[in-house]
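**Q** Residues per chain, in single letters:
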Amino acid sequence: MIFKKKAAQNAEVNSSGENAIANKEIEGLSQGQIVRRRFFRHRAAVFSLGVILFIVVFVFTALDFRFLGIWHVKGWWKWSPEDIPDLRYGDCPNDTVGCPTISLLPKALGGNGIGLGDHPFGQDDIGRDFFSLVMKGTQRSLSVMVVIGFLGGTIGTIVGSISGYYRGKVDAVLMRFTDFIITIPAIIIGSVVGYHFGNLGAIFLAFYLGLFAWTGLSRLVRGEFLTLREREFVDAARVAGASNRRIIFKHILPNAVGVIIVSVTLLLSGAILLETALSYIGFGVVEPDVSLGLLINKYQDSFTTRPWLFWYPGLFIISIALSINFIGDGLRDAFDPRQRRRISKKERQESASARKLAQAHD
Amino acid sequence: MLAFIMRRLGILSVILFGSSFILYNMAAISGDPLADLKLSTDPNRDFLVASLTRELQLDVPPPARYFLWIKGIFGIFIGKPDFGMSRDGSTVAHSLALAIPVTIRLVLAATIFAIVLGIAIGIVTALRQYSRFDYSMTFVSFLMFSLPIFWVAVLLKEYLAISFNNFLREPKVPLGWIIGISLFSAIFWASVIGGSRKAFWTAFFSAALIAGSIVTLFSVSGWFLNPGLGPIVITAMSVGIAYGVTQLSVGLINKAALKASLTMAGLSLVFYYPAQWVFDKHPGSLPVFLMACVTITIAVFVGLSYSKIDRAPIVRTTIITAVLSAGLVVVDKFMQTWKPYMETDAINYRPVPTIGQRSDLLDTPDYWLKSLDIVTHLFLPTVALTLISFAGYIRYSRGTLLEVLNQDYIRTARAKGLTERTVIMRHAFRNTMIPLTTIMVVDFAGVIGGALITESVFGWSGMGTLFRQGLLGYDLNLLMGVFFITATLSVLANLVADLLYSALDPRIRVGGGA
Numbered sequence: 001m002i003f004k005k006k007a008a009q010n011a012e013v014n015s016s017g018e019n020a021i022a023n024k025e026i027e028g029l030s031q032g033q034i035v036r037r038r039f040f041r042h043r044a045a046v047f048s049l050g051v052i053l054f055i056v057v058f059v060f061t062a063l064d065f066r067f068l069g070i071w072h073v074k075g076w077w078k079w080s081p082e083d084i085p086d087l088r089y090g091d092c093p094n095d096t097v098g099c100p101t102i103s104l105l106p107k108a109l110g111g112n113g114i115g116l117g118d119h120p121f122g123q124d125d126i127g128r129d130f131f132s133l134v135m136k137g138t139q140r141s142l143s144v145m146v147v148i149g150f151l152g153g154t155i156g157t158i159v160g161s162i163s164g165y166y167r168g169k170v171d172a173v174l175m176r177f178t179d180f181i182i183t184i185p186a187i188i189i190g191s192v193v194g195y196h197f198g199n200l201g202a203i204f205l206a207f208y209l210g211l212f213a214w215t216g217l218s219r220l221v222r223g224e225f226l227t228l229r230e231r232e233f234v235d236a237a238r239v240a241g242a243s244n245r246r247i248i249f250k251h252i253l254p255n256a257v258g259v260i261i262v263s264v265t266l267l268l269s270g271a272i273l274l275e276t277a278l279s280y281i282g283f284g285v286v287e288p289d290v291s292l293g294l295l296i297n298k299y300q301d302s303f304t305t306r307p308w309l310f311w312y313p314g315l316f317i318i319s320i321a322l323s324i325n326f327i328g329d330g331l332r333d334a335f336d337p338r339q340r341r342r343i344s345k346k347e348r349q350e351s352a353s354a355r356k357l358a359q360a361h362d
Numbered sequence: 001m002l003a004f005i006m007r008r009l010g011i012l013s014v015i016l017f018g019s020s021f022i023l024y025n026m027a028a029i030s031g032d033p034l035a036d037l038k039l040s041t042d043p044n045r046d047f048l049v050a051s052l053t054r055e056l057q058l059d060v061p062p063p064a065r066y067f068l069w070i071k072g073i074f075g076i077f078i079g080k081p082d083f084g085m086s087r088d089g090s091t092v093a094h095s096l097a098l099a100i101p102v103t104i105r106l107v108l109a110a111t112i113f114a115i116v117l118g119i120a121i122g123i124v125t126a127l128r129q130y131s132r133f134d135y136s137m138t139f140v141s142f143l144m145f146s147l148p149i150f151w152v153a154v155l156l157k158e159y160l161a162i163s164f165n166n167f168l169r170e171p172k173v174p175l176g177w178i179i180g181i182s183l184f185s186a187i188f189w190a191s192v193i194g195g196s197r198k199a200f201w202t203a204f205f206s207a208a209l210i211a212g213s214i215v216t217l218f219s220v221s222g223w224f225l226n227p228g229l230g231p232i233v234i235t236a237m238s239v240g241i242a243y244g245v246t247q248l249s250v251g252l253i254n255k256a257a258l259k260a261s262l263t264m265a266g267l268s269l270v271f272y273y274p275a276q277w278v279f280d281k282h283p284g285s286l287p288v289f290l291m292a293c294v295t296i297t298i299a300v301f302v303g304l305s306y307s308k309i310d311r312a313p314i315v316r317t318t319i320i321t322a323v324l325s326a327g328l329v330v331v332d333k334f335m336q337t338w339k340p341y342m343e344t345d346a347i348n349y350r351p352v353p354t355i356g357q358r359s360d361l362l363d364t365p366d367y368w369l370k371s372l373d374i375v376t377h378l379f380l381p382t383v384a385l386t387l388i389s390f391a392g393y394i395r396y397s398r399g400t401l402l403e404v405l406n407q408d409y410i411r412t413a414r415a416k417g418l419t420e421r422t423v424i425m426r427h428a429f430r431n432t433m434i435p436l437t438t439i440m441v442v443d444f445a446g447v448i449g450g451a452l453i454t455e456s457v458f459g460w461s462g463m464g465t466l467f468r469q470g471l472l473g474y475d476l477n478l479l480m481g482v483f484f485i486t487a488t489l490s491v492l493a494n495l496v497a498d499l500l501y502s503a504l505d506p507r508i509r510v511g512g513g514a
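If you read the sequences in order, they're chains A and B. By my numbering, the letter at position 117 of the first sequence is numbered 117, and the numbering carries on one by one without gaps. By my numbering, the letter at position 501 of the second sequence is numbered 501, and the numbering carries on one by one without gaps.
None of these hints come from the bench; they were simulated from the model. Worth double-checking, as some hints may not be accurate.
Stated by the list, open to error - Label pairs and their computed distance ranges (CB to CB):
id, chain 1, residue 1, chain 2, residue 2, range
1, B, Met-6, A, Tyr-166, 22 to 28 Å
2, A, Ile-55, B, Phe-218, 41 to 47 Å
3, B, Phe-139, A, Arg-176, 39 to 45 Å
4, B, Phe-218, A, Asp-125, 39 to 45 Å
5, A, Leu-315, B, Leu-160, 17 to 23 Å
6, A, Ser-143, B, Met-6, 45 to 51 Å
7, A, Ser-30, B, Phe-164, 56 to 62 Å
8, A, Gly-223, B, Tyr-273, 56 to 62 Å
All of these numbers come straight from a predicted model, not from anything done at the bench. Don't be surprised by glycine CBs; every beta carbon is placed ideally from N, CA and C.
The following block holds chain A by itself, in its conformation from the complex (with noise of 0.2 Å):
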């Protein structure tokens, strides 16, 4: 409702030029539809979002998936981390044993045709398929990035939106609560947290991580809400008697929502590093549990013979974090109303022309 007034008021203000055309596109649309739209033109944010999709269900149907004993589906890759097959000698280059096997180069051009072959990306030292373990510590990374993500952006927001909206003591007390979390550096409290209980499971340090990842976001939520607090639609609301509650989740919590999102976004990407670093140092994701982080720190000695046991596990990170930092670009971008699409040529030409036509039918 709010934005179609201010969109109508932008439109009364900004009836020439360029923004002209900028706000034509966005005539009669509802907020979440010009989000996607722009979204949607960021080419770069669209790809990663369909890579990180590909990653997720490309990792997670992989292996097999047990639940509680119960639920078991079975992974379309043919080895798990846990079978050992016989490593593999003989073709190899440089007498190493165990390479990858994978080929993307056609026969045609002098490769081996494209295909997976029987170890992809080859074999560790006793023979365990590289490709499943990288699967395997692909969705250990994947699912403490969620759980960081999703705690933390969870604690963050309430934590902000309570201490914008109520202000004064419940501000100072909150804002101090937060000051305190970011004293104690985040590798700091994840390694003591990680070093002591990584062993209880990737889950459980995920969980823990998350509830010291969400100070960022609380001051910006707040910041968010200090300043939407004393718009009039809130006033409008409370003079309608609507409970504090109600205020907060269903009137300021909507307008805030992209700056939450955005900086989600960017925890995720956060959150990724700082498992594979902390798993990376020894207190993260502990063996027999596999991790992107502890791979790398297993494996980074034999980079000389061996180098595709440390190419891939870090292909994996970085592929992931980078397309969630473009995805996070892609919806600053579509968020931020001040934001306008670069007007290109031809569009600005069109419509000075149009400009020029209206003024002579005057």
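Let chain A serve as the given structure and place chain B on it in line with the hints.
**A** Relative to the frame of chain A, chain B by itself:
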């Protein structure tokens, strides 16, 4: 103002107190520092356990022991802080005193490089918004954001260090590389300079030609084995610096500033040989520092003597030129040390190390050799840290500058007919720096605690290593010592950032509301 600072300090100390209390207890309940001793088969085990218990006061329950610890910390106010003992019997204060300089050395150069490079590239991308350069730099910065530092570090070790060392065995740059480097610098400079099609291609070809010929010259003359600049090149570069700094700082139209800067550039030739004499006869940090002071003093006098009105910007320009040209002389000295350094037994023509903070084998009293050794060991960690952290500065300075450029006062400045240089450097850039300064302060404090992974990858023993040691050995005093330093720094940095913000931006007033 004073009341504001005092109140903030009061709140901050309460916060620090609370978080250290929680961390202390969390760490204490998570493990027993005596566990490995109790399991050992040492005959005097009981004695060791008893002595360690006495020394670390382990018989006191953790919440109470925390107060014993904080009592030692409060000794700061009477000038005798007591951080307690670590498990191996040394005092924590001593370990910290050894570790802090190492960590600062590790992060200082990287942070400065990241800030300078990041802001420069960020500003260029903002000025060339939506250009190809902008898009590619956006991609690069996102890529850097997404890189795990431990992964980059291993790649750098393998490709940068080991390949470069192998290359030095026979330092001839292959033709493919020469062409690649020329093309890269051509595309880079052409897209930075941009402008009309003619300007683009001029920049493209001149950058390709310059880069290609420099690399070829280096390759043919064996420069990589015996590098150096020499007085002629230093003078030429100083003149270039003089023009560049003057243009950016006050504009070439200001003849007094240009003359003063050029004088300083000329003086760098005059002082080249005396400086060499000082470097050789009186090696050490103090003479270098004194010479820097002399340089700045001379620059101030030169700046003052050329200027009649509006002296401050001219003196500033002269000082910047002088420091940069004097820096070239020092760089030249390091380059001259390169050959003797590589010929030492410890180095043996493999100068870029992959691990450690100094060569233990290098046993030399020579100040310059030792300094160069430190520099080479800093090389890889600095590259890694810079790569990781400069992306943030690119994004941030780009965003801020774009926002500033949309402000009304920029339009006013343009409408007044000021040159584009004045608009960008005086009006836009200065206002961009306000939020950036505060971010830098907080970042620098954060990076001291956050170099944990970098230290562990490159085998440095700084704060991160101490922290790790404390965590793995349940060594509470050590852990808390590190935490105390990093947390205090980050809290103070936040306070300083707030104060700086209010000092730089008159619209913000501290003490009013917050």
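**Q** Each hint should be assessed against the structure and marked as holding or not.
**A** Okay, the hints, checked on the actual structure:
1. B/Met-6 x A/Tyr-166: 22 to 28 Å: holds, 27 Å
2. A/Ile-55 x B/Phe-218: 41 to 47 Å: Holds - the Cβ-Cβ distance for A/Ile-55 and B/Phe-218, about 44 Å, lies within 41 to 47 Å.
3. B/Phe-139 x A/Arg-176: 39 to 45 Å: holds, 40 Å
4. B/Phe-218 x A/Asp-125: 39 to 45 Å: Taking Cβ atoms as reference, B/Phe-218 and A/Asp-125 lie about 42 Å apart, which means the hint holds.
5. A/Leu-315 x B/Leu-160: 17 to 23 Å: holds, 19 Å
6. A/Ser-143 x B/Met-6: 45 to 51 Å: Once the Cβ atoms are compared, 47 Å apart, the range 45 to 51 Å for B/Met-6 and A/Ser-143 holds.
7. A/Ser-30 x B/Phe-164: 56 to 62 Å: holds, 57 Å
8. A/Gly-223 x B/Tyr-273: 56 to 62 Å: holds, 59 Å
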